[in-house]
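Start from chain A and add chain B according to the hints.
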Amino acid sequence: MRKTVGYRMMGWLWLLLGVFGATRVLAEGAPPLNIVAANYPLAYFAERLGGQQVKVSFPVPAGEDPAYWQPDARTIAAMQKADLIALNGADFEKWISRVTLPQSKRIDTSAAFKSRYIVVKDAVTHSHGPEGMHSHAGTASTTWLDFRQAIQQAEVLAQAIIRNRTGLKSVVETNLVGLIADLHALDGDMRQFATQLGGKPLLASHPVYQYLARGYGLNLESVHWEPEEMPPPEEWKTLRDKLKSRPARLMLWEAEPGSAIRQQLTALRIQPVLFQTCTNRPPSGDFMDAMRGNVRSLIAATRPPSAMDK
Amino acid sequence: MHHDIYLAWRYLYHHRVRSLILVICLSLMGAMPLGVHEVMNQGKRAMLDRALQTPLIAGRVGSGVDLTLNALYFNNPNAPRTTMAEVDRIESTGWALTLPIYSRYSAQGFPLVGVTLDYLDYRRLAVTQGEMMTTLGECVLGADVAAALGLGPGATLMTTPGNLFDLAGMYPLKLHVTGVLGKQNSPDDGAIFVDLKTAWIIEGLGHGHEAPAKSVVKDPTKSGNTRMMDAGLVTYTEITPVNLETFHFHGDPATYPISAVIAVPNDHRAEILLRGRYLNYEKDAQLVAPLSICENLLDNIFRIRELFDGVLGLVGLSTLLALSLVFSLSLRMRRGEMRTLFLLGSSRFTMFRLVIAESLMLALSSLCLGSLMIWMARHWLSGVMLRWVLA
Numbered sequence: 349m350r351k352t353v354g355y356r357m358m359g360w361l362w363l364l365l366g367v368f369g370a371t372r373v374l375a376e377g378a379p380p381l382n383i384v385a386a387n388y389p390l391a392y393f394a395e396r397l398g399g400q401q402v403k404v405s406f407p408v409p410a411g412e413d414p415a416y417w418q419p420d421a422r423t424i425a426a427m428q429k430a431d432l433i434a435l436n437g438a439d440f441e442k443w444i445s446r447v448t449l450p451q452s453k454r455i456d457t458s459a460a461f462k463s464r465y466i467v468v469k470d471a472v473t474h475s476h477g478p479e480g481m482h483s484h485a486g487t488a489s490t491t492w493l494d495f496r497q498a499i500q501q502a503e504v505l506a507q508a509i510i511r512n513r514t515g516l517k518s519v520v521e522t523n524l525v526g527l528i529a530d531l532h533a534l535d536g537d538m539r540q541f542a543t544q545l546g547g548k549p550l551l552a553s554h555p556v557y558q559y560l561a562r563g564y565g566l567n568l569e570s571v572h573w574e575p576e577e578m579p580p581p582e583e584w585k586t587l588r589d590k591l592k593s594r595p596a597r598l599m600l601w602e603a604e605p606g607s608a609i610r611q612q613l614t615a616l617r618i619q620p621v622l623f624q625t626c627t628n629r630p631p632s633g634d635f636m637d638a639m640r641g642n643v644r645s646l647i648a649a650t651r652p653p654s655a656m657d658k
Numbered sequence: 021m022h023h024d025i026y027l028a029w030r031y032l033y034h035h036r037v038r039s040l041i042l043v044i045c046l047s048l049m050g051a052m053p054l055g056v057h058e059v060m061n062q063g064k065r066a067m068l069d070r071a072l073q074t075p076l077i078a079g080r081v082g083s084g085v086d087l088t089l090n091a092l093y094f095n096n097p098n099a100p101r102t103t104m105a106e107v108d109r110i111e112s113t114g115w116a117l118t119l120p121i122y123s124r125y126s127a128q129g130f131p132l133v134g135v136t137l138d139y140l141d142y143r144r145l146a147v148t149q150g151e152m153m154t155t156l157g158e159c160v161l162g163a164d165v166a167a168a169l170g171l172g173p174g175a176t177l178m179t180t181p182g183n184l185f186d187l188a189g190m191y192p193l194k195l196h197v198t199g200v201l202g203k204q205n206s207p208d209d210g211a212i213f214v215d216l217k218t219a220w221i222i223e224g225l226g227h228g229h230e231a232p233a234k235s236v237v238k239d240p241t242k243s244g245n246t247r248m249m250d251a252g253l254v255t256y257t258e259i260t261p262v263n264l265e266t267f268h269f270h271g272d273p274a275t276y277p278i279s280a281v282i283a284v285p286n287d288h289r290a291e292i293l294l295r296g297r298y299l300n301y302e303k304d305a306q307l308v309a310p311l312s313i314c315e316n317l318l319d320n321i322f323r324i325r326e327l328f329d330g331v332l333g334l335v336g337l338s339t340l341l342a343l344s345l346v347f348s349l350s351l352r353m354r355r356g357e358m359r360t361l362f363l364l365g366s367s368r369f370t371m372f373r374l375v376i377a378e379s380l381m382l383a384l385s386s387l388c389l390g391s392l393m394i395w396m397a398r399h400w401l402s403g404v405m406l407r408w409v410l411a
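First to last, the sequence lines map onto chains A and B. Just add 348 to wherever you are in the first sequence, counting from 1, and you've got the working numbering. Just add 20 to wherever you are in the second sequence, counting from 1, and you've got the working numbering.
The following block holds chain A by itself, in its conformation from the complex (with noise of 0.2 Å):
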């Protein structure tokens, strides 16, 4: 009698052994969510959020800027098998409307603060890289440079995240902390820099920092230049007459510009200054790493020059 209770226990130990067992299994062979992401500052968000347990895609190619990008139909394909497709919102992807997507996969991170997206009047229409003639009418698509706003967006991601997969739910809420106090960080920094900079003129080589200039009350105004591109010389006329009104010091830059800009920028007594909007990967480091540099540079810039300096 003894030996047959002693059997049962067993083999309810063992049932018990493999119930659980079975559950791990499954809990750790369940597949990574698959997240699109229509720009980088997404991809890194989702890539922060779920760690591990997503796997991000970021479809636009290495130089290309995703505003101005059009899937192909392998892509769109992949889209739709993927579980959330994360979209900036604010006009960001233009190609949204002629592509088949499904509704319900569709995360619209920006959608919270539509009532304050930036409408961009009388643009002009140019062209650079491979995506050919552009123009920055609309919506002012560069969100996450106001950090509150990438802020509210990482939440939203992590919101569907945690709806697609419950799951992952104390990994992603743990993960947002991090972010946000990262984001926080910039924005604190971001807004020493406008404090010091106590409403100077700045200029922007090119309109896509609107919501940085609105979010941090600066005093900036663009023209449409390009990096690689010297200005004609009728552009550099216009910048005179513009800097007499506007002692303008400063200008932001995508990307560094060519040596031949910077001297004559220099000439004018205006300091270049690096910061990338990170739409796309940047060539070394992160998004947080690529913000820090453009706060820092931005700092550095407006410091009074030291005694070794002079």
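No lab work stands behind these hints: they were computed from the structure. Nothing false has been slipped in among the hints.
Pairs of lysine-lysine, DSS-like flavour, derived with a Cα cap of 30 Å:
#1 K469(A) <-> K442(A)
#2 K203(B) <-> K429(A)
#3 K517(A) <-> K462(A)
#4 K194(B) <-> K442(A)
#5 K403(A) <-> K429(A)
#6 K429(A) <-> K517(A)
#7 K469(A) <-> K548(A)
#8 K429(A) <-> K194(B)
#9 K303(B) <-> K462(A)
#10 K585(A) <-> K469(A)
#11 K429(A) <-> K442(A)
#12 K548(A) <-> K592(A)
Now the stretches of chain A that chain B is said to cover, found in silico as 3 or more residues with beta-carbon under 8 Å:
#13 423-430
#14 450-458
To list a few chain A residues with every Cβ distance to chain B over 10 Å, as calculated:
#15 E521
#16 P575
#17 E577
#18 L591
#19 R640
None of these values were measured; they are calculated from a predicted model. Glycine residues also receive a C-beta, built at the ideal position from the N, C-alpha and C atoms.
Relative to chain A, chain B alone:
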């Protein structure tokens, strides 16, 4: 016993025409009421299955039956339309998955249904030939449409203009078939699916532009570069990879038309909340449960079954009486035959067994033929019944 069966079989075979008539009469008498019931039940089941898989439908206030039939069977293109604002309204609650449907147009006699890919996922419609549509101007065919038109991936088909007498109306759009959906034995098999945005292009809400340099036409009566007509605004009749990027939409997307929105609530509580919201606040819209709409509709339609049952009962009774008469007359005619058997030494019980064996063989044959008739009705007439109900 097998002698009885042999003799009965020989007798029935000898009088085969009479036996066949008796078998047909008996089988029809049994199969008719059962077959009619079966066909009606099949039609009802098919309708209710579709309704069961569709929890709620939202649309413009009006006839709930029209709204339901349009959303489930795409058979009423002129039903009142609602707008994408309805989708936004439901989505903003976060209580349900929304599946907008726009089924106003047709192509080569089949309904052209504008949907999002979520609809195809929800109805478990997977592409079995070719690929899923990826851009504007592409379509996937239901299995029956592909079979009827003999089309497959790579083929093209033209949409049917909304109104033949509207000369300034919409251009037909040349659709590119990218795939064929697997057969589901549902109304989806008889539809052509396009992206909602493609349906809006057919509607004229979106268009592409030709290159301005080619499209400017000068007015010869005026000097200089007067721009008289800009053909750049001509609506395309085919969307190709070359002109795809020029396509865009005008106006507020919330105002774009749709026929209905299927709402799939997250849970029972969400369903109650959603229904409550429509009852209390939404005056220009309605939210209906397709199951109750279809049940009411079928209850009304299938009242005719009671009439059928009555008529068939009377016909069956008269047939039975006629058959009894035929049987008793036949026994009377066989009196000489019975007497011969008696003189040969057969008992009365043997003769009784012979008659029973003949009757059983007739009944069994009738049962087989009747079952075959019911099977045929079930397989070939249930679709007819569904079409009759929806017509």
